[in-house]
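Residue strings, one per chain:
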Amino acid sequence: MIDYVVQQTFNALSFGAEYALIALGLAIVFSIMGLVNFAHGEVIAIGGYSMMVMAAIAFKNPIIIIVGAIFAAVIMAIFLERIAFRPVRYADATTGLLTAFGVSLILQNLFLLLVSPRPIAVTSMYFLDWPIKLGTIRISSLQIFETLATLLAILLLVLFLKRSFLGIAMRAASLDFEMVRLMGIRANRVIATAFAISGLLAGIAAIFIIARRGAVDPTLGFNPVLKAFVACVVGGFGSLPGAVLGGFLLGALEVGMLVILPQSYGGMKDAFVFAVIAIILVWRPEGILSPQKEKGDKI
Amino acid sequence: MKIFQSSKSFHQAFWGATLLSFIIALIGLLVIFFGERYHLRLVYAAYVNLLVVLGLQVFMGNTNITNLSHSAFMGLGAYIAAICVTPVQIKKLSLPDAPWGLNTFELDALSSALISLTLTGFLAFLTGLVIVRLSGIGATIVTIAILVIVHSIFMHRTDIFKGKQAFFGIPQVFDLTSIIIISIAVIFIARFFRESKWGIQLRASSDDEKSADAMGVNIYRLRLLAWTLGGLILALSGICYAYYLGTISARPFYFSHVFLTLAMLILGGMRSITGAVIGTILITFGLEGVRFMETGPVILGLKFPEMLGLSGIALGAVIVIIMVVRNGGLVGNFEIEQVFIKTRKKI
Amino acid sequence: MLFVNNLSVFYGKIKVVHNINFTIEEGSCVSLLGPNGAGKTSTISSILGTVNSTGTINFCNEDISKIQTEERIKLGISIAPEGRRVFSNLSVYENLYIGSAIRKDREKADIEIEEWFNVFPILHERKDQSAGTLSGGEQQMLTIARALMGNPKILLLDEPSLGLAPMITKKVFELIEKLKAKGITILLVEQNATEALKLADYSYILNSGKIIAHGNRNEILKKGDLMSSLTGVEN
Chain F
0 MIDYVVQQTF NALSFGAEYA LIALGLAIVF SIMGLVNFAH GEVIAIGGYS MMVMAAIAFK
60 NPIIIIVGAI FAAVIMAIFL ERIAFRPVRY ADATTGLLTA FGVSLILQNL FLLLVSPRPI
120 AVTSMYFLDW PIKLGTIRIS SLQIFETLAT LLAILLLVLF LKRSFLGIAM RAASLDFEMV
180 RLMGIRANRV IATAFAISGL LAGIAAIFII ARRGAVDPTL GFNPVLKAFV ACVVGGFGSL
240 PGAVLGGFLL GALEVGMLVI LPQSYGGMKD AFVFAVIAII LVWRPEGILS PQKEKGDKI
Chain Z
0 MKIFQSSKSF HQAFWGATLL SFIIALIGLL VIFFGERYHL RLVYAAYVNL LVVLGLQVFM
60 GNTNITNLSH SAFMGLGAYI AAICVTPVQI KKLSLPDAPW GLNTFELDAL SSALISLTLT
120 GFLAFLTGLV IVRLSGIGAT IVTIAILVIV HSIFMHRTDI FKGKQAFFGI PQVFDLTSII
180 IISIAVIFIA RFFRESKWGI QLRASSDDEK SADAMGVNIY RLRLLAWTLG GLILALSGIC
240 YAYYLGTISA RPFYFSHVFL TLAMLILGGM RSITGAVIGT ILITFGLEGV RFMETGPVIL
300 GLKFPEMLGL SGIALGAVIV IIMVVRNGGL VGNFEIEQVF IKTRKKI
Chain L
0 MLFVNNLSVF YGKIKVVHNI NFTIEEGSCV SLLGPNGAGK TSTISSILGT VNSTGTINFC
60 NEDISKIQTE ERIKLGISIA PEGRRVFSNL SVYENLYIGS AIRKDREKAD IEIEEWFNVF
120 PILHERKDQS AGTLSGGEQQ MLTIARALMG NPKILLLDEP SLGLAPMITK KVFELIEKLK
180 AKGITILLVE QNATEALKLA DYSYILNSGK IIAHGNRNEI LKKGDLMSSL TGVEN
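Same order as they appear, the protein sequences are chains F, Z and L. So the first sequence is residues 0 to 298, counted in numbering that gives the first Met the number 0. So the second sequence is residues 0 to 346, counted in numbering that gives the first Met the number 0. So the third sequence is residues 0 to 234, counted in numbering that gives the first Met the number 0.
Hints are computed from structural coordinates only; laboratory data are not their basis. For clarity, every value in this text was computed on a predicted model and none was experimentally measured. Zero decoy hints are in this set.
Under the rule of at most 27 Å between Cα atoms (straight-line distance), these lysine-lysine pairs were calculated in the DSS-like manner:
| hint | chain 1 | residue 1 | chain 2 | residue 2 |
| --- | --- | --- | --- | --- |
| 1 | L | Lys-12 | L | Lys-209 |
| 2 | Z | Lys-163 | F | Lys-268 |
| 3 | L | Lys-197 | L | Lys-169 |
| 4 | L | Lys-152 | L | Lys-65 |
| 5 | L | Lys-221 | L | Lys-179 |
| 6 | L | Lys-152 | L | Lys-107 |
| 7 | L | Lys-177 | L | Lys-126 |
| 8 | F | Lys-161 | L | Lys-103 |
| 9 | F | Lys-161 | L | Lys-107 |
| 10 | L | Lys-181 | L | Lys-169 |
| 11 | F | Lys-161 | L | Lys-126 |
| 12 | L | Lys-209 | L | Lys-221 |
| 13 | L | Lys-177 | L | Lys-152 |
| 14 | F | Lys-161 | L | Lys-73 |
| 15 | L | Lys-65 | L | Lys-14 |
The whole structure should be built from the sequences, with the hints applied where relevant.
Written out as structure tokens, the structure reads:
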């Protein structure tokens, strides 16, 4: 019994880690720009496709592939900001959201058109996935890697945001963007950094998704990002700790549903998870850890 | 009960809707008399989409909240009517395990439609109670949740909905004439709602919730009204879809359709009915052209390659370009009667 | 140092400032006075480049009218904005640190922050606290210190006394007096005309977007009736 619980806890942790990773990427961009980046899934997919390309060019060294994938994702994120999101930077939130939708549609179909509508095998990351036995508990190494990687990423992000000048500037920008400009800090630099970080997180997520699936297809990022969105909103959209909390909560919920639901309902796991989320939102419409409103400034 | 702030609002709404109806009827009649089967189907589909877009417009255009669940309500409307109206012999074949005696009765088309409208409307009302209390992005996420949940139920409860498989045997009682009439009716409804005091208050409040609150506008109630009305229109679109095709399945009622109809609304301009109509027409016909190119046709002796995905790219590009260049859509707040009637600048 | 000529400010099609001219000499303290809605903040915003304006703005012999906001700040224009606008979830220390953005020698920022802590012991006491938890007066001190962290050539002060109790207001103006004594060039926008007039070497009175009077301390005070009706200062 204990073993089962431990095993499921590992599952929940690794699912949660992946959602948290992706949710953080979304939250960073939203907290600074108010942009709901629906195209984030395609940044993940680019990570996957770049791995495919590198494998095809016969790069065997996994380090190169990992670095390459992350690099591709970062470049893609920065590129998207420059081309598609800068023109609507100061427009209202709905405009930004719909723009991101459009970009997502275009990219998904570009992958379809230029590569293939079918999944393409990418097995270079399989080496990360081997079964581990701890007594009677069976888990996969991938789960450990993913959880560790996520925790490491979160740690580094926190350090960056607290200690580095740019990080502090980004936190300030999420509170009062215009004031940061009035300090002489270039808006473009802050925003590009935010996107670069989100690309970095997306790239890492891509590595784990590919390691698990072994294949890339145009909709690789779509479902994970959908779930990550929900995680963000439940945690409090725009709040970084909220994104992490939401991610792990969602992971726990999913595993919980898998455990609780009888076999016949298994296919409806997603529906139940979403239903619970909807209930949480009714109770806490702004999310559990909604970003704190401006304090002070009594005018 | 005074619905319109002034007789001027009423007149604008009336004439605007009349003009649009004229256009819709004209296109429809042209196709009926001169078009081939293929054209008839295309235009019928376009009008079904028009109904969806109008249902979307009633909520999104007046509250400025992005709604992604509209295809789910369309699906609900379609399935409920289909289940009620399909003859028993067919249901016994296609839904052998149906619970609650669903495969033991059949109703006429009208009653089935009414039941579908009532049930779907009720579901819209219930979900609306949750949605209207949420802030912009939170509401959007819940609409995503609704879409996923409904789709999941469709796909999973094959004993009722048949999932991926086709639910067949629906009596095909509608033709192009029927949907022309229905479209005209919905255009009037949507337009009147827009110019009614509710529509105006909603649009004013969507820009500034706090002041609206201070002025005694109950924004939750208004949103609920718009949401439920939209839901009813969407259900109607589903009924029209089922009653023409005779066969439905769960697949179409998901994200692709959501994006397609969203693009139609955005292109035209989500704040205006004229925009909804224009956007639907442009994209329906534009997409046919793009789909033609997708198949790798031979034009003037040149063989074009097969380009699957082109339609998705075109759709996405339309959305992005409109957002960047003209985010009010092609017509913004403009309504067609303004060509003839001088109006003061609207909000 | 700052020379503004024929400046007009537009919000969409609406003109809120009508072709005004003013000059700020290096080392002087100039005040811009006038009732609510006169166009004072719009004028400041045009100097910063955050609103649509026409006319020329000349700073240290350079025409900055077409330059981006961030670049203008880098040239040495600094602002303590209306409403303080401290970064509420950042600590007092972090707020000051951000102020050093335009310095080339950011490592020395710590030293400067220490100096400010000497001037304002209360800020030192609260250095790790969220800026949002400070009182109004403390926030005003913080925002001025933050604005000076970059060693600017000119300091724009927008309504520093707004919303503050008289005792605190007194302290704020004492601080401004000290800054003046240090030779810092200041443009002070205020509704509190009494204090502003005492401090400023030269004053401009704005009303409905036009400059209706200007002069040095003595000249301005002589225009008694005008002053009283506009700024509520009894002569």
